[in-house]
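J.: Taken in sequence, the protein lines are chains A and B. Its first residue numbered 1, the first sequence is counted upward by one per residue in my numbering. Its first residue numbered 1001, the second sequence is counted upward by one per residue in my numbering.
Calculated cross-link-like contacts (lysine-lysine; reagent style DSBU-like; alpha-carbon spacing at most 35 Å): (1) B:Lys1068 / A:Lys493; (2) B:Lys1068 / B:Lys1047; (3) B:Lys1078 / A:Lys473; (4) B:Lys1079 / A:Lys408.
No wet-lab data here; the hints were simulated from the structure.
The primary structure of each chain is shown beneath.
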Amino acid sequence: MTEWFHPAVIFILGAFLVPFVRGKAQQAYILLLPALAIFAVYRMTAGDYWTYSFMGNQLVFGHVDKLSVVFAWVFTIAAFIGMVYALHIKDSGQHVAAFLYIGGSLGVTFAGDYFTLFVFWELMAFASAFLVFASRNQQALAAGFRYLLVHIFGGVCLLGGIILHVIATGSIAVGILPKDGSLAFYLIMVGFILNAAVPPLHAWLTDAYPEGTVTGAVFMSAFTTKTAVYVLVRVFPGTEVLVWLGTIMALYGVVYAVLENDCRRLLAYHIISQVGYMVAGVGIGTELSLNGSVSHAFAHILYKGLLFMGAGAVIQMTGRRKLTELGGLYKTMPITLCLYMIGGFAISAFPLFSGFVTKSMVVSGAAADHRPAVALLLTMASSGTFLHTGLKLPYYMFFGKDSGLRAKEPPLNMLIGMGLAAFLCIGIGVMPGPLYHLLPFNAPYHPYTGDHVTSALGILLFTGLGFFMLLKKLDPEPTISVDTDWFYRKGAKVFMWVANKPLAAYEEYLTNIYNRWFSAGFLKLADFFSRIFDRYVVDGLVNGVASFFMGLSGNLRRAQTGLVRSYALVMLVGSMALIAFYLIAYQM
Amino acid sequence: MIKRMVLYIGNPENSRQLKRIGYVMLLITVVADFFVERHHAHYIWDKIPGWGAFYGFVSCVVIILVSKFIGHQGGIMKKEDYYD
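My request is simple: use the sequences and hints to build the entire structure.
T.: What follows is the structure, given as structure tokens:
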């Protein structure tokens, strides 16, 4: 064995063997891969590994430091737990997609240069889309394609930014970008914050995740946004705009969660809310707040995975996903309810649960950096988190009005997967030491002080009081909420309408003017010429030219499909080609 | 044991007793907040006993009312077949 082995290679190469093993052997195999990856992370020491010289640039596949290792730990652990939860799935394609997706995520984590980062970044987008397609229904197919298109747009922004950055600095090494306000800075940032689901670039998440398969959505909730948080910590610490984007994000998710009826979409809005804390922590940029972002990402992957597993178990056993159609499941699914609630307490940051020891670090980081408004707004968002994830969703799913459903507990492997995540949620909350030890920066923090515990309990319990007082107001309604995905779901239709109605009318108007003033004059002139010149010779020439253009226009018309999707694809391919041209012409 | 606890909580007959437990917990939290040390307070409100309880309750009410207002009056909530 070499001194360092890339865990992404275990997943990516391992993925191709999945279809060739069957039954029990396949089950053992899909657990072995993440176990091997965890072992590889355990063996790691800091340094640069697997570096190659490529066209005059240094490609680094294994940039290992404390920051990349802490994310690698949680990614590999989440991969293992997710695979336990997905153990009963016979559809090999889903396992392959999940492994490639996880591999992409780890590839980004250890990438020491922007080109390697970009390649793995794209791998993540494509592999994860298949976890949506695997639902195999029309709705999922459409959502998956929207997901893919948005991520391709983000990828193009990122690639453009990377190329401008490389041209300006001559270096492809991943590192903190100078805050010079250059186009490269903003393009890379857009690429990153799109994956972190920062509004208004967030709608792909709440659009696609609830359409994913029961097990696929568990993986999706863990990797894409947290990989984005990782690269933000690496490249954009202390960027002021992220403080406010993150704070808005934390509240944005909460507001939409009030309105949401689909259980996994509600949880997806809370991913946005929770990632808001991490983005704000990156923006504040002190050692304490960066540690807060990293540790919160760690805890978040585990409890959000647990919540998605719990909601997924209900969807799998009942076949329903809307809160208005669920209720009264506590009698037949008590274990699922308890495990879900552990995730609910963890995300709400109850003392002795993981969220408490990590979220408070971000809020304290904001307070210590003299940002009272940010600290207050983030605290308000945490009240909303408990309100929805800890109260509203379990109340209407498991208690509330009895829907008459008598669904059984899910298969044992799903319960074990949830149990593992629940164990870690409590373990980190009770004993934060090992997690704090993994954090990249040296900023001592003690979450369990008396005033901190009582004030956190006060906020949460009195949120509970407010919930029960306003219970009637919170009854879920059978609606969907319009979000920024409107612009590409309805916007395309509006675009077509504009093209059909006002533009067509305008064209007709111009044509009328042209006919009256120019054509009439020209007709008279032509009439005059046709009488004088030899009409036979000229006519022959004109007819030849005309029939040539008629044929050409007939061919061109076939290329004009009228589908916005096709035009977008042509534009995209064109811009990629242009970028590639500049890359070759100026850089190499 | 888990099952018995969950069935107890879910049973409507026990709701009065659960409510009483809830009120006692709220009371304990507020009272305890008066007796803790506050060395780490950054801001004036961190020093007020019972601040957490007050802010939590206000946040909850504000979030529910504002969100529902935006959802209904702002045209955010649409029928389920809106995109079809």
